[in-house]
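The listed protein sequences correspond, in order, to chains A and B. Mapping the first sequence onto my numbering, position 360 (from 1) lands on 360, and the numbers just tick up by one. Mapping the second sequence onto my numbering, position 358 (from 1) lands on 358, and the numbers just tick up by one.
These aren't lab readings, by the way, just hints derived from the structure by calculation. Check the hints yourself; a few may be wrong.
The list treats identical chains as interchangeable, and a pair is accepted whether it falls inside one copy or across any two copies.
[Stated by the list, open to error] With a straight-line cut-off of 25 Å between C-alpha atoms, the simulated DSS-like cross-links for lysine-lysine are:
no., residue 1, residue 2
1, Lys68, Lys27
2, Lys338, Lys165
3, Lys361, Lys329
4, Lys105, Lys359
5, Lys67, Lys386
6, Lys165, Lys241
7, Lys158, Lys27
8, Lys267, Lys386
9, Lys165, Lys64
10, Lys249, Lys338
11, Lys329, Lys64
12, Lys235, Lys345
13, Lys160, Lys329
14, Lys338, Lys64
15, Lys68, Lys91
16, Lys27, Lys345
17, Lys91, Lys345
18, Lys359, Lys386
19, Lys123, Lys202
20, Lys267, Lys64
21, Lys160, Lys241
22, Lys338, Lys27
23, Lys370, Lys91
There are 2 protein chains.
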Amino acid sequence: MFSIFPINGTISDINGFYCDGIAGGLKPNNALDIGFIYSDTLCNIDAIFTNNNFKAAPLRHYLKYNKKFQTNFVLINSKNANALTGEQGIKDIDDIFNNLNFELKNPIMSSTGVIGVPLPKEKIIDAANSFDLSSKNGENLAEAIMTTDSYPKSCLYKIKLQDGKSFQLGAIAKGAGMINPSLATMLCFICTDANIPQSDIKELLTKYTVTTFNAISVDGDTSTNDTVMLLSNGKSNSYDKDAFAQALKLVMEDMAQLIVSDGEGAKKSVAFEITGAKTYQEAQIVAKALSNSLLVKTALFGEDPNWGRIASTIGASGVECSENSLIIKFGEILVYNKGEILFSKEIELEAANVLRDNKFKISCDLGVGKYSFTAYGCDLGYDYVKINADYRT
Amino acid sequence: MFSIFPINGTISDINGFYCDGIAGGLKPNNALDIGFIYSDTLCNIDAIFTNNNFKAAPLRHYLKYNKKFQTNFVLINSKNANALTGEQGIKDIDDIFNNLNFELKNPIMSSTGVIGVPLPKEKIIDAANSFDLSSKNGENLAEAIMTTDSYPKSCLYKIKLQDGKSFQLGAIAKGAGMINPSLATMLCFICTDANIPQSDIKELLTKYTVTTFNAISVDGDTSTNDTVMLLSNGKSNSYDKDAFAQALKLVMEDMAQLIVSDGEGAKKSVAFEITGAKTYQEAQIVAKALSNSLLVKTALFGEDPNWGRIASTIGASGVECSENSLIIKFGEILVYNKGEILFSKEIELEAANVLRDNKFKISCDLGVGKYSFTAYGCDLGYDYVKINADYRT
Numbered sequence: 001m002f003s004i005f006p007i008n009g010t011i012s013d014i015n016g017f018y019c020d021g022i023a024g025g026l027k028p029n030n031a032l033d034i035g036f037i038y039s040d041t042l043c044n045i046d047a048i049f050t051n052n053n054f055k056a057a058p059l060r061h062y063l064k065y066n067k068k069f070q071t072n073f074v075l076i077n078s079k080n081a082n083a084l085t086g087e088q089g090i091k092d093i094d095d096i097f098n099n100l101n102f103e104l105k106n107p108i109m110s111s112t113g114v115i116g117v118p119l120p121k122e123k124i125i126d127a128a129n130s131f132d133l134s135s136k137n138g139e140n141l142a143e144a145i146m147t148t149d150s151y152p153k154s155c156l157y158k159i160k161l162q163d164g165k166s167f168q169l170g171a172i173a174k175g176a177g178m179i180n181p182s183l184a185t186m187l188c189f190i191c192t193d194a195n196i197p198q199s200d201i202k203e204l205l206t207k208y209t210v211t212t213f214n215a216i217s218v219d220g221d222t223s224t225n226d227t228v229m230l231l232s233n234g235k236s237n238s239y240d241k242d243a244f245a246q247a248l249k250l251v252m253e254d255m256a257q258l259i260v261s262d263g264e265g266a267k268k269s270v271a272f273e274i275t276g277a278k279t280y281q282e283a284q285i286v287a288k289a290l291s292n293s294l295l296v297k298t299a300l301f302g303e304d305p306n307w308g309r310i311a312s313t314i315g316a317s318g319v320e321c322s323e324n325s326l327i328i329k330f331g332e333i334l335v336y337n338k339g340e341i342l343f344s345k346e347i348e349l350e351a352a353n354v355l356r357d358n359k360f361k362i363s364c365d366l367g368v369g370k371y372s373f374t375a376y377g378c379d380l381g382y383d384y385v386k387i388n389a390d391y392r393t
Numbered sequence: 001m002f003s004i005f006p007i008n009g010t011i012s013d014i015n016g017f018y019c020d021g022i023a024g025g026l027k028p029n030n031a032l033d034i035g036f037i038y039s040d041t042l043c044n045i046d047a048i049f050t051n052n053n054f055k056a057a058p059l060r061h062y063l064k065y066n067k068k069f070q071t072n073f074v075l076i077n078s079k080n081a082n083a084l085t086g087e088q089g090i091k092d093i094d095d096i097f098n099n100l101n102f103e104l105k106n107p108i109m110s111s112t113g114v115i116g117v118p119l120p121k122e123k124i125i126d127a128a129n130s131f132d133l134s135s136k137n138g139e140n141l142a143e144a145i146m147t148t149d150s151y152p153k154s155c156l157y158k159i160k161l162q163d164g165k166s167f168q169l170g171a172i173a174k175g176a177g178m179i180n181p182s183l184a185t186m187l188c189f190i191c192t193d194a195n196i197p198q199s200d201i202k203e204l205l206t207k208y209t210v211t212t213f214n215a216i217s218v219d220g221d222t223s224t225n226d227t228v229m230l231l232s233n234g235k236s237n238s239y240d241k242d243a244f245a246q247a248l249k250l251v252m253e254d255m256a257q258l259i260v261s262d263g264e265g266a267k268k269s270v271a272f273e274i275t276g277a278k279t280y281q282e283a284q285i286v287a288k289a290l291s292n293s294l295l296v297k298t299a300l301f302g303e304d305p306n307w308g309r310i311a312s313t314i315g316a317s318g319v320e321c322s323e324n325s326l327i328i329k330f331g332e333i334l335v336y337n338k339g340e341i342l343f344s345k346e347i348e349l350e351a352a353n354v355l356r357d358n359k360f361k362i363s364c365d366l367g368v369g370k371y372s373f374t375a376y377g378c379d380l381g382y383d384y385v386k387i388n389a390d391y392r393t
């Protein structure tokens, strides 16, 4: 028996964790753009990174140096991704850490922003040397890591175990480019004072990434910088694997939902629920094909219940399914039933009504097996074009 | 020795071919929406169809009945795709042909428009029965098959052979949704009075589809209705395989370029030229990943030479390539050279200048092999969203 409940606060409210975000001059107008997570004891850590072949320098730096999977410090900047910056990108990170005025154990860097611009390391060194490592300003950090995000993303949970002990688990994240997951950077830092064995960190992070962040972002088609990292400092001296797993799933779902709801310019958050697929992989393929289709996204923006585009996308995805086994619903409204077109004027109006909400579900039963997967997407409108046409300026 | 030259006119100027397009009441405002290609002698034919699992009824009708690869009549309508209409969709086509007042041999139907709406067959029968089979109005047909196209697409060539004989080859096409090739219907009808053996039709159509229509449309991720069809009535009594092959390549390139230039709302036509790939397939994968990337398209719309998005898309495509082998050019402007970022303010201005044109090339040398492929794409702006958000209304 255990209980999990959301509490006010952010990751810096967890025992032993300290955070802040400050204006380091990377963004214009004195906006917050650089910050840190510090733990007063060494943390067990692990991370899931992008599958992109051109991993950004901070990811390569971690993979090269952090063989012990322990750290007490993560430095995070926005506005510059330090990606496609070659060996110099890694050397810049070393230079930064070698020039800091405080002592750190296996420090980690994480970056997000424009690709292919050398890291402004002098600015970063100056900013980092002004950090107050005793700060408890997680909100500022959540703001400092934003790029095209329209709001900071943060959550905190308390987990009470049967033996009366308890621990906390929270996360901050950035990411908003999930309208087409291709290339959209997302960062998520999960902190806890639970006392997790190293092996459980990897296992649970990997397990829940599939149904959370990977349900909004396509495997093998991700940004240069995508990172999900978990830091555990063990200071609560308590742990229960089942309780922790459930809480971690909640935290990762929270962050994934906040990211997809903040899709650049998006007004609608849509769950594409696929059932009846021949294999789990085929359910994933269809769900992601739908959440990525430009024609589906623009139809949703126009609140047009154009189920033909849904069907055609399923057909184009190449998975096993026939016209005579497929069922399509908008919310609870059945619009296509195994070859039978049900689209009267009345049903069309009801389906259009579903699309007027800002959160709804589109369900497709392929009718050829027992596997299911749900992907999360959003609509695509004029604001997406506006945000991305002049991202760098 | 042979010579190929473009001439004024369209497919109905070819000996033995007759075409027209009329207003059948499928589109509003008395717009042209239905037409035909008629040949006064039986044609050898073949066709390349979509890979979509849910092939539209006219495609399934062709595959079911046209085993002899011969016809003298193609009926084409816009506004309704007759897709996802099950067995009824095929029966509707039979009903239409059974109710026409003229005698036809293996008539073929081709449709484009909204998916999942029963074919308005009475309107189509009425319209078709008013056709004048002696019409030579290819321009009207090219207009009648348009959906979101902003202009009709047509070309005609004359081919003179060494023996003094000559033949003609021309095409009409529709298609404009190639900003994201997913689901964008394209139809192309190629007519000739050359005397082509049946086996050459299949061979040459397949060969040039790869570098033309498939370079603007992704294999296995196409609409329910995509069709490229070739009709040869042999009336010139002349043929030379090399001459015909070269002319066919020209015609198909013309049509593919017209389609991509008419990308819904697009202002810029872009060639993504990939060289130095490990395999031909990998060159194709990268070229198409670039021409399909939303972030690349919106950057092009914003005339932003954001080469980092190009590099990241290549990295995300999963093909073999390293940061230290990659070269990226906008037009002739080198912006990234094997790990070296060359992006000074001056070079950025020069690169931005290239993007101000309405037609340019982006070249990427992967530096790991000898294979190359060029894909054609366009930018994505506000008008794309506008066109697709309310396509059905």
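Do the hints match the structure? See the list:
1. Lys68 - Lys27: neither (34 Å within a copy, 67 Å between copies)
2. Lys338 - Lys165: Neither way: lysine 338 and lysine 165 sit 53 Å apart in one copy and 55 Å across, limit 25 Å.
3. Lys361 - Lys329: This pair counts as within: shortest intra-copy Cα distance 8 Å, inter-copy 43 Å.
4. Lys105 - Lys359: Classified as neither; 44 Å inside a copy, 53 Å across copies.
5. Lys67 - Lys386: Neither: 42 Å inside a copy, 51 Å across copies.
6. Lys165 - Lys241: within (14 Å within a copy, 83 Å between copies)
7. Lys158 - Lys27: neither (34 Å within a copy, 61 Å between copies)
8. Lys267 - Lys386: The answer is both: 14 Å in one copy and 16 Å across copies each meet 25 Å.
9. Lys165 - Lys64: Classified as neither; 37 Å inside a copy, 70 Å across copies.
10. Lys249 - Lys338: neither (35 Å within a copy, 41 Å between copies)
11. Lys329 - Lys64: Neither way: lysine 329 and lysine 64 sit 48 Å apart in one copy and 31 Å across, limit 25 Å.
12. Lys235 - Lys345: So lysine 235 and lysine 345 fail the 25 Å test inside a copy (61 Å) and across (50 Å) alike.
13. Lys160 - Lys329: For lysine 160 and lysine 329, neither the intra-copy (40 Å) nor the inter-copy (58 Å) Cα distance is at most 25 Å.
14. Lys338 - Lys64: between (53 Å within a copy, 21 Å between copies)
15. Lys68 - Lys91: So lysine 68 and lysine 91 pass the 25 Å test inside one copy only (20 Å; across, 68 Å).
16. Lys27 - Lys345: between (51 Å within a copy, 18 Å between copies)
17. Lys91 - Lys345: between (64 Å within a copy, 24 Å between copies)
18. Lys359 - Lys386: Cα proximity of lysine 359 and lysine 386: in one copy and across copies (23 Å, 22 Å).
19. Lys123 - Lys202: neither (34 Å within a copy, 63 Å between copies)
20. Lys267 - Lys64: neither (41 Å within a copy, 45 Å between copies)
21. Lys160 - Lys241: Cα proximity of lysine 160 and lysine 241: one copy only (13 Å, versus 80 Å across).
22. Lys338 - Lys27: neither (53 Å within a copy, 29 Å between copies)
23. Lys370 - Lys91: Neither, since 50 Å and 33 Å both go past 25 Å.
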